[in-house]
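Asks: Hey, can you work out the whole structure from these sequences and the hints?
Listed here are the chains, written in short residue letters.
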Amino acid sequence: DGGITQSPKYLFRKEGQNVTLSCEQNLNHDAMYWYRQDPGQGLRLIYYSQIVNDFQKGDIAEGYSVSREKKESFPLTVTSAQKNPTAFYLCASTTRGGDQETQYFGPGTRLLVL
Amino acid sequence: QKEVEQNSGPLSVPEGAIASLNCTYSDRVSQSFFWYRQYSGKSPELIMSIYSNGDKEDGRFTAQLNKASQYVSLLIRDSQPSDSATYLCAVKADKLIFGTGTRLQVFP
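So the sequences go chain by chain: H and E.
The opening position of the first sequence corresponds to residue 3 in the working numbering, with each subsequent residue numbered one higher.
The opening position of the second sequence corresponds to residue 92 in the working numbering, with each subsequent residue numbered one higher.
Simulated from the structure, these hints should not be mistaken for laboratory data.
Just to be clear, a hint being listed does not mean it is correct.
Calculated lysine to any residue pairs in the SDA-like style (CA-CA distance at most 20 Å, straight line) [stated by the list, open to error]: (1) E/Lys-186 - H/Thr-96; (2) H/Lys-73 - H/Gln-52; (3) E/Lys-186 - H/Asp-61; (4) E/Lys-133 - H/Gln-43; (5) E/Lys-186 - H/Gly-60; (6) E/Lys-186 - H/Thr-97; (7) E/Lys-133 - H/Pro-109; (8) E/Lys-133 - H/Thr-7; (9) H/Lys-11 - E/Gln-129; (10) E/Lys-186 - H/Asp-32; (11) H/Lys-72 - H/Gly-5; (12) E/Lys-186 - H/Gly-44; (13) H/Lys-85 - H/Gln-19; (14) E/Lys-133 - H/Pro-87; (15) E/Lys-186 - H/Arg-46; (16) E/Lys-133 - H/Tyr-12; (17) E/Lys-133 - H/Arg-46; (18) E/Lys-133 - H/Pro-10; (19) E/Lys-133 - H/Gln-8; (20) E/Lys-158 - E/Ser-143; (21) E/Lys-186 - H/Ile-53; (22) E/Lys-133 - H/Ser-24; (23) E/Lys-133 - H/Pro-41; (24) E/Lys-186 - H/Phe-57; (25) E/Lys-186 - H/Gln-58; (26) E/Lys-186 - H/Tyr-106; (27) H/Lys-85 - H/Val-21; (28) E/Lys-186 - H/Ile-62; (29) H/Lys-59 - E/Asp-185; (30) H/Lys-85 - H/Ser-67; (31) E/Lys-186 - H/Asp-56; (32) E/Lys-186 - H/Gln-43; (33) E/Lys-133 - H/Phe-90.
Replies: What follows is the structure in structure tokens.
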């Protein structure tokens, strides 16, 4: 089955700890994205990558880091500098097709602070 | 001014009725428009995309786009309780921007 997988489904972070969220896709999509969703708010873009070994900051990149060493994988690290990390994190991917490219989402990871 | 605006709802409709969800956007150069459905605790699922003015129908769903008025809507005919969810409007100019969503409740 083709799709986007995220793990873990739930993640607990202690104060001062860095945690990494996994995102893998087997859709052969070039571009991948990380969003954060808070209750009552829309999706906010954290980072995106349009090609391997290249990524750009989104609207709320502070306290996060990413890597894109393989086309299939785009892990997100939530660092200790992110003071309010509790949220629902969504990974998405898309083909590069100009204006008609469509984003598809993984199932999400819910991050909670202990 | 928000770039993509939606009424947060909830919009309550009886089973079998037509649900009408609306979205306005601010960037006139926007070219692509999407509707996603998000069930509570789940990730967004694409249900419709529309790129040109007019109506686009897919089963019980119809998307309507009016670029002059910067307005896109989603109609759900014969609404079912299983349609109860939050519907996110997304608009793409240079990047994809999401609205905060409208919560739809369909009651039996």
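Asks: If a hint holds in the structure, say so; if it doesn't, say that too.
Replies: Verification of the supplied hints:
no.: 1; hint: E/Lys-186 - H/Thr-96; verdict: 12 Å, holds
no.: 2; hint: H/Lys-73 - H/Gln-52; verdict: 9 Å, holds
no.: 3; hint: E/Lys-186 - H/Asp-61; verdict: 11 Å, holds
no.: 4; hint: E/Lys-133 - H/Gln-43; verdict: 15 Å, holds
no.: 5; hint: E/Lys-186 - H/Gly-60; verdict: 10 Å, holds
no.: 6; hint: E/Lys-186 - H/Thr-97; verdict: 14 Å, holds
no.: 7; hint: E/Lys-133 - H/Pro-109; verdict: 6 Å, holds
no.: 8; hint: E/Lys-133 - H/Thr-7; verdict: 13 Å, holds
no.: 9; hint: H/Lys-11 - E/Gln-129; verdict: 17 Å, holds
no.: 10; hint: E/Lys-186 - H/Asp-32; verdict: 16 Å, holds
no.: 11; hint: H/Lys-72 - H/Gly-5; verdict: 16 Å, holds
no.: 12; hint: E/Lys-186 - H/Gly-44; verdict: 14 Å, holds
no.: 13; hint: H/Lys-85 - H/Gln-19; verdict: 11 Å, holds
no.: 14; hint: E/Lys-133 - H/Pro-87; verdict: 19 Å, holds
no.: 15; hint: E/Lys-186 - H/Arg-46; verdict: 12 Å, holds
no.: 16; hint: E/Lys-133 - H/Tyr-12; verdict: 12 Å, holds
no.: 17; hint: E/Lys-133 - H/Arg-46; verdict: 16 Å, holds
no.: 18; hint: E/Lys-133 - H/Pro-10; verdict: 14 Å, holds
no.: 19; hint: E/Lys-133 - H/Gln-8; verdict: 12 Å, holds
no.: 20; hint: E/Lys-158 - E/Ser-143; verdict: 8 Å, holds
no.: 21; hint: E/Lys-186 - H/Ile-53; verdict: 16 Å, holds
no.: 22; hint: E/Lys-133 - H/Ser-24; verdict: 17 Å, holds
no.: 23; hint: E/Lys-133 - H/Pro-41; verdict: 13 Å, holds
no.: 24; hint: E/Lys-186 - H/Phe-57; verdict: 14 Å, holds
no.: 25; hint: E/Lys-186 - H/Gln-58; verdict: 12 Å, holds
no.: 26; hint: E/Lys-186 - H/Tyr-106; verdict: 15 Å, holds
no.: 27; hint: H/Lys-85 - H/Val-21; verdict: 13 Å, holds
no.: 28; hint: E/Lys-186 - H/Ile-62; verdict: 14 Å, holds
no.: 29; hint: H/Lys-59 - E/Asp-185; verdict: 14 Å, holds
no.: 30; hint: H/Lys-85 - H/Ser-67; verdict: 14 Å, holds
no.: 31; hint: E/Lys-186 - H/Asp-56; verdict: 17 Å, holds
no.: 32; hint: E/Lys-186 - H/Gln-43; verdict: 18 Å, holds
no.: 33; hint: E/Lys-133 - H/Phe-90; verdict: 9 Å, holds
In summary, the structure agrees with every hint in the numbered list given earlier.
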